[in-house]
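Spelled out from the first residue to the last, the chains are:
There are 2 protein chains.
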Amino acid sequence: MFISDLSRRCDVPVPTIKFYLREGLLEPGRLRRGRRADYDESHVSRIYLIRTLTVMGRMSISAAREALQAIDDQGLQVNGLCDVVNEALFGQGPGLDGTPDGSETALRVDRFVDGLGWAVAPDSAGRRTLVQVFSALERLAGQADVTALRPYADLAARLARLETDMLPRSIDSPAQAGEAMATAVLLEVALSSLRRMAREHMTTSTEGLPSG
Amino acid sequence: MFISDLSRRCDVPVPTIKFYLREGLLEPGRLRRGRRADYDESHVSRIYLIRTLTVMGRMSISAAREALQAIDDQGLQVNGLCDVVNEALFGQGPGLDGTPDGSETALRVDRFVDGLGWAVAPDSAGRRTLVQVFSALERLAGQADVTALRPYADLAARLARLETDMLPRSIDSPAQAGEAMATAVLLEVALSSLRRMAREHMTTSTEGLPSG
Numbered sequence: 002m003f004i005s006d007l008s009r010r011c012d013v014p015v016p017t018i019k020f021y022l023r024e025g026l027l028e029p030g031r032l033r034r035g036r037r038a039d040y041d042e043s044h045v046s047r048i049y050l051i052r053t054l055t056v057m058g059r060m061s062i063s064a065a066r067e068a069l070q071a072i073d074d075q076g077l078q079v080n081g082l083c084d085v086v087n088e089a090l091f092g093q094g095p096g097l098d099g100t101p102d103g104s105e106t107a108l109r110v111d112r113f114v115d116g117l118g119w120a121v122a123p124d125s126a127g128r129r130t131l132v133q134v135f136s137a138l139e140r141l142a143g144q145a146d147v148t149a150l151r152p153y154a155d156l157a158a159r160l161a162r163l164e165t166d167m168l169p170r171s172i173d174s175p176a177q178a179g180e181a182m183a184t185a186v187l188l189e190v191a192l193s194s195l196r197r198m199a200r201e202h203m204t205t206s207t208e209g210l211p212s213g
Numbered sequence: 002m003f004i005s006d007l008s009r010r011c012d013v014p015v016p017t018i019k020f021y022l023r024e025g026l027l028e029p030g031r032l033r034r035g036r037r038a039d040y041d042e043s044h045v046s047r048i049y050l051i052r053t054l055t056v057m058g059r060m061s062i063s064a065a066r067e068a069l070q071a072i073d074d075q076g077l078q079v080n081g082l083c084d085v086v087n088e089a090l091f092g093q094g095p096g097l098d099g100t101p102d103g104s105e106t107a108l109r110v111d112r113f114v115d116g117l118g119w120a121v122a123p124d125s126a127g128r129r130t131l132v133q134v135f136s137a138l139e140r141l142a143g144q145a146d147v148t149a150l151r152p153y154a155d156l157a158a159r160l161a162r163l164e165t166d167m168l169p170r171s172i173d174s175p176a177q178a179g180e181a182m183a184t185a186v187l188l189e190v191a192l193s194s195l196r197r198m199a200r201e202h203m204t205t206s207t208e209g210l211p212s213g
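Quick mapping for you: the protein sequence lines, in order, are chains A and B.
Counted the way our numbering counts, the first sequence spans residues 2 to 213.
Counted the way our numbering counts, the second sequence spans residues 2 to 213.
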């Protein structure tokens, strides 16, 4: 199909499609009779994926490009894919605002993570981020108890389990990786809208939500 | 204290503090002897808050400005504060990519939300977002079952409950609103780092995490 057909099919204006082509998010169509480019179903699903990342996921063009590159490079597995999605949606984790390793705070965070029974590398980015968070909480309140994060850790574990249940077990093609990434983005957006509604419910109802 | 003392105290370079002043994130110091500006403890805690929003939370300057304005305007309560933080961290929700109200999908989402027993306004942004997400999931997979989101809804309710447990019940001053906002941002960053670690654990351990 020509670019005008692709535009109608995906309900995306032609200039937007040309922008995706220029930005390298979309493969060029095959040149037919040496003049007009011809597009196929792979372009349709790629455009849906780009829309999911940039419109639903509100990724910047450069974040979407990185996410799409991870798909095109192949070899991406489900957990790596969730990390790519999280980095693209929420940034590469916080900047490091000066907390030396081996500090008292770092030791307490290490004990906390060990206590969860999780296999997490000593130099894991998540671990360093948690030290940062915890130092900032201490600075804010004078003191802070890392074990107060235990319920968050339990919910994080349940979310990680849900993610793997909703996504395919293994990824065998870029097309499948694209679908899995779109699903992961959409589930993040769903979670965030459900959290917003749960908060709305708690504000408007006197009883609040059942705890536990 | 002078700006150089403020810089040492907060471990933030003087040009960065001047940038915050120019961008209207930080109140000017009081002019002493008509020449040098004098800063106090309120400037110290404001700089810590700006750092938490922009460095830990990776908010853009304009997102941080909006969040700080919500604090300075006062009258902000805990649930509104969580919404401000979520919008600043994750954007204003997805753009609307064309799903008419009253569609079959919208009706199914409404039934799902009603089934949760949550009090959510008919025109709630969360509800509209969920219709978008669900339409996109349907387009992606040919069909999709909205009730598959039920476990996400349960976790969203628990997270909303945790948020209100960790934050003050009522907010009586801009200083308290600032602390509550910093706490809300830090807890979001903590959750995201715990999710990353939980995924790492699931990748490296053969047994995975306990489900349920």
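Hints listed in this document are in silico derivations from the structure and should not be mistaken for laboratory results.
Here the structure is a predicted model, which is why all the values come from computation and not from measurement.
Do not rely on the hints blindly, as some may be mistaken.
Remember, identical chains collapse to one label, so a pair may be satisfied in a single copy or spanning two.
In silico SDA-like links for lysine to any residue, alpha-carbon gap of 25 angstroms or less [as the list claims (entries may be wrong)]:
| hint | residue 1 | residue 2 |
| --- | --- | --- |
| 1 | K19 | V45 |
| 2 | K19 | Q144 |
| 3 | K19 | R140 |
| 4 | K19 | R9 |
| 5 | K19 | D111 |
| 6 | K19 | F3 |
| 7 | K19 | A71 |
| 8 | K19 | L141 |
| 9 | K19 | R112 |
Hint-by-hint comparison with the structure:
1. K19 to V45: within (14 angstroms within a copy, 49 angstroms between copies)
2. K19 to Q144: neither (54 angstroms within a copy, 30 angstroms between copies)
3. K19 to R140: between (50 angstroms within a copy, 23 angstroms between copies)
4. K19 to R9: Within one copy only: 14 angstroms inside a chain, 50 angstroms across chains, cut-off 25 angstroms.
5. K19 to D111: neither (50 angstroms within a copy, 37 angstroms between copies)
6. K19 to F3: Classified as within: same-chain Cα gap 12 angstroms, cross-chain 54 angstroms, threshold 25 angstroms.
7. K19 to A71: Answer is within; shortest intra-copy Cα gap is 22 angstroms, inter-copy 39 angstroms.
8. K19 to L141: between (49 angstroms within a copy, 23 angstroms between copies)
9. K19 to R112: Close neither inside one copy (53 angstroms) nor across copies (40 angstroms); limit 25 angstroms.
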